[in-house]
Amino acid sequence: MEESVKTLKKEVAWLKAQNRQLLALLDSMADPAYICSSDYRILYLNSAMTRTFEVDDSLFCYETIQNNPSPCSHCPMEQIVKGETISQERHFEATGRTYELVHTPLQLGVGTAQKLAVMRDITERKQAQQKLQDANQELDSFVYSVSHDLRNPLTPIIGFAQLLREKHNENLHFEDLERLDEIANQGKRIHQMLKDLLVLACTGNIPAPEGPVDLNEVMAEIVSELCCTHQKATVPVTYPKLPDVRLPKTLLIQLLENLIGNALTYASDAKSPIEV
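The C-terminal residue of the sequence shown carries number 1332 in this note's numbering, and the numbering is unbroken.
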């Protein structure tokens, strides 16, 4: 019997020492923290909690922290009692700040389950997120407006190039007809790019094409255009038979045109062909 009493006393002393260590650790934290029982009675407030909130530990947690007459509708006490850890974001009118709350089940000795709540001030982070969202919305609006407005002058450019080719087909030199075709093709390409920008501004992504895109055809277009516009047009660009891909054609053109254009500008000479 005496041995059992000694063992029990040791266990009680060990639990008390553990509790003291836990409370000392919580008290040294910069984040507000409190412990309450499953019936919402406050059992402990750390120093940061008492500095941040004007709390009365004789009241229930929902009364002194949230200024509510009854338990908060968002309180996770039911899950805490079952042993779950719950994270929440809450705005507190008393401080005008937003906090991330981590509710953890806690057992301090023998008795009912208790809840440890640690509160991390995330006000600045939320404000930064909101500023970023606002900036993204402004950027989307700008892209939508610019891409929409730029499509209007493209219609007569494409239309007049096609009209000149049709009306003066017999009177124009072959090279002039090719130039008119290039004007129309480039206008259609820009029109498609602006259309993709509109989709991107509205949905956040450009959908994949319904069918595969012929990469060899894309390469032929790029090489043909670079031969007409690039100062190193005499440098040959070679490529094997390329596979079909399921990516938006306009993005493929932009990607490969930039890569090949940079290779021609910075990494080639007449004796060094570009290989794709």
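Take these hints with a grain of salt, some might be off.
Said to hold, decoys possible - No farther apart than 27 Å at their CA atoms in a straight line, the calculated lysine-lysine pairs in the DSS-like style are these:
no.	residue 1	residue 2
1	K1305	K1251
2	K1223	K1244
3	K1244	K1305
4	K1244	K1182
These aren't lab readings, by the way, just hints derived from the structure by calculation.
Treat the numbers as computed from the prediction; the structure is a model and nothing was measured.
Each hint tested on the structure:
| no. | hint | verdict |
| --- | --- | --- |
| 1 | K1305 - K1251 | holds (12 Å) |
| 2 | K1223 - K1244 | holds (20 Å) |
| 3 | K1244 - K1305 | holds (12 Å) |
| 4 | K1244 - K1182 | violated (43 Å) |
Going through the hint list in order, the structure does not satisfy hint 4, though it satisfies all others.
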